[in-house]
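Novice: Sequence:
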Amino acid sequence: GTLSWEPANEFVDPSLANQTVSPDGTTIYTAVADNNGCIASDEVTITVTQAPIFDVADNTSICLGSSITIGNVDDAGTTYAWTASPADPSLTDATSGTPTVSPTQTTTYTLTANNGACTDGGSVTITVIDPSIDPVQTEVVCPFEETTLTASGSPAGGNITWFDWEGNIISTEASATVSSGTSTSYSVNYTVDGCTVTEIVELMVEDPGSASISADPSTQVTAGTPVTLTVTTDAPSGSTYSWSADFDNAPTGNDVVTVTPSQSTTYTVTITTPSGCEITAVIFIEVSFLEVTLPNIFTPNGDDLNDRFYPVFDDFSVDLIEFKVFDRWGELVHDDISTGWDGTLNGKNMPSDIYVYFARFMYNDGTEELRKGDVNLMR
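Just so you know, the sequence shown maps onto residues 1 to 379 in our numbering.
No lab work stands behind these hints: they were computed from the structure. One or more of the hints may lead you astray.
BS3-like mimics (lysine-lysine), calculated; alpha carbons at most 27 Å apart, straight line [unchecked claim]:
#: 1; residue 1: Lys372; residue 2: Lys348
#: 2; residue 1: Lys348; residue 2: Lys324
#: 3; residue 1: Lys324; residue 2: Lys372
Simulated restraints, written as ranges between beta carbons of each label pair [stated by the list, open to error]:
#: 4; residue 1: Ser242; residue 2: Thr196; range: 43 to 51 Å
#: 5; residue 1: Thr367; residue 2: Asn346; range: 30 to 38 Å
#: 6; residue 1: Glu199; residue 2: Thr240; range: 35 to 43 Å
#: 7; residue 1: Pro295; residue 2: Glu368; range: 16 to 24 Å
#: 8; residue 1: Thr127; residue 2: Asp42; range: 17 to 25 Å
#: 9; residue 1: Gly121; residue 2: Val32; range: 34 to 42 Å
#: 10; residue 1: Val256; residue 2: Asn301; range: 48 to 56 Å
#: 11; residue 1: Thr196; residue 2: Val282; range: 46 to 54 Å
#: 12; residue 1: Ala51; residue 2: Asn9; range: 22 to 30 Å
#: 13; residue 1: Thr110; residue 2: Val48; range: 23 to 31 Å
#: 14; residue 1: Ser242; residue 2: Ser214; range: 17 to 25 Å
Cβ atoms here follow ideal geometry from the backbone N, Cα and C, with glycine treated the same way.
Input sequences plus hints: build the corresponding full structure.
Specialist: Structure representation (structure tokens):
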């Protein structure tokens, strides 16, 4: 006889006695035997129960401290059981179809779903990105001294960004060159896979103090006058001093030096702290040359008032090195730097008249000046 199965469209070969089926729903299968017209049949019912309803999130990455929902379906007819490896304390709703977790390390979550008849499930791995950055602190630097800040981040492959104290980007490289007049802070970010970490870097700037210079007797002196320069400073103990001058020899010494400027000069002191920072102070000493006056009239009449013709000095630090007087015919009537002319020649009074003089002076710096002019002798 023959054998056939119904419904025939579910079988590759309906005549086979043994069949494997995969019904989409509850199905009745009937076997029919035909033996020379004698027919016999039997049936079997395959009941198909709906699988548990669940949905597990895709594998993904999150930043440390972030949260993520690892299941997307919560069916009232299904029970859910989540486990975490390694254990995750943030998995507080392990019986929900849509739990939210905040893992602190890369974790695999496994779901078992059961609807009373069938069990199914799945798993999801959440990779936790925990970026870190290691900035290198600098040593103490001097005001406005350029220094380089550097940093390295992990895991590798991220981007570094440096910011100044106002939040402006100053570098997108691993290093940033900075300078400041005072101690300040910079921030550096490291971003990898969308996750960012920030560190603060303190730039310590030494305060070397300040300095000023005072002058005794004054900042305005005549040529050849000694001047004592005194430095007042709050620089650290152990600082050293170095002096310079623009139009004079540089003095040597520390906080007190004496100079004798021959012309107007700016003196500068540079103070170097033990850590190598420098502060400077300047002072300008104005030098004036002595005034020398030669009268244009004198009266040698013995009344002790204006009886001699001689240069009048503001200060005797100027030397008279030549002093001659001639009459109108060019005869030399006086040639003596030690005394003034008394209006005589060889003991005889010279007559009232106009006389010509030549006077040569030497200043403290070695320079000379020649004066010539007329003087009126009146008796």
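Novice: Taking the hints in turn, state whether each one holds.
Specialist: Quick rundown of the hints versus the structure:
1. Lys372 x Lys348: 25 Å, holds
2. Lys348 x Lys324: With a Cα-Cα distance of about 18 Å, the restraint between Lys348 and Lys324 holds, given a limit of 27 Å.
3. Lys324 x Lys372: Cα-Cα ~10 Å, so holds.
4. Ser242 x Thr196: 43 to 51 Å: Taking Cβ atoms as reference, Ser242 and Thr196 lie about 49 Å apart, which means the hint holds.
5. Thr367 x Asn346: 30 to 38 Å: 35 Å, holds
6. Glu199 x Thr240: 35 to 43 Å: 37 Å, holds
7. Pro295 x Glu368: 16 to 24 Å: 22 Å, holds
8. Thr127 x Asp42: 17 to 25 Å: This hint is violated: roughly 56 Å between Cβ atoms.
9. Gly121 x Val32: 34 to 42 Å: 41 Å, holds
10. Val256 x Asn301: 48 to 56 Å: 54 Å, holds
11. Thr196 x Val282: 46 to 54 Å: 49 Å, holds
12. Ala51 x Asn9: 22 to 30 Å: Holds: the Cβ-Cβ distance is about 24 Å, inside 22 to 30 Å.
13. Thr110 x Val48: 23 to 31 Å: Since the Cβ atoms of Thr110 and Val48 sit about 26 Å apart, the hinted range of 23 to 31 Å holds.
14. Ser242 x Ser214: 17 to 25 Å: 19 Å, holds
In summary, the structure is inconsistent with hint 8 from the numbered list given earlier, while agreeing with all the others.
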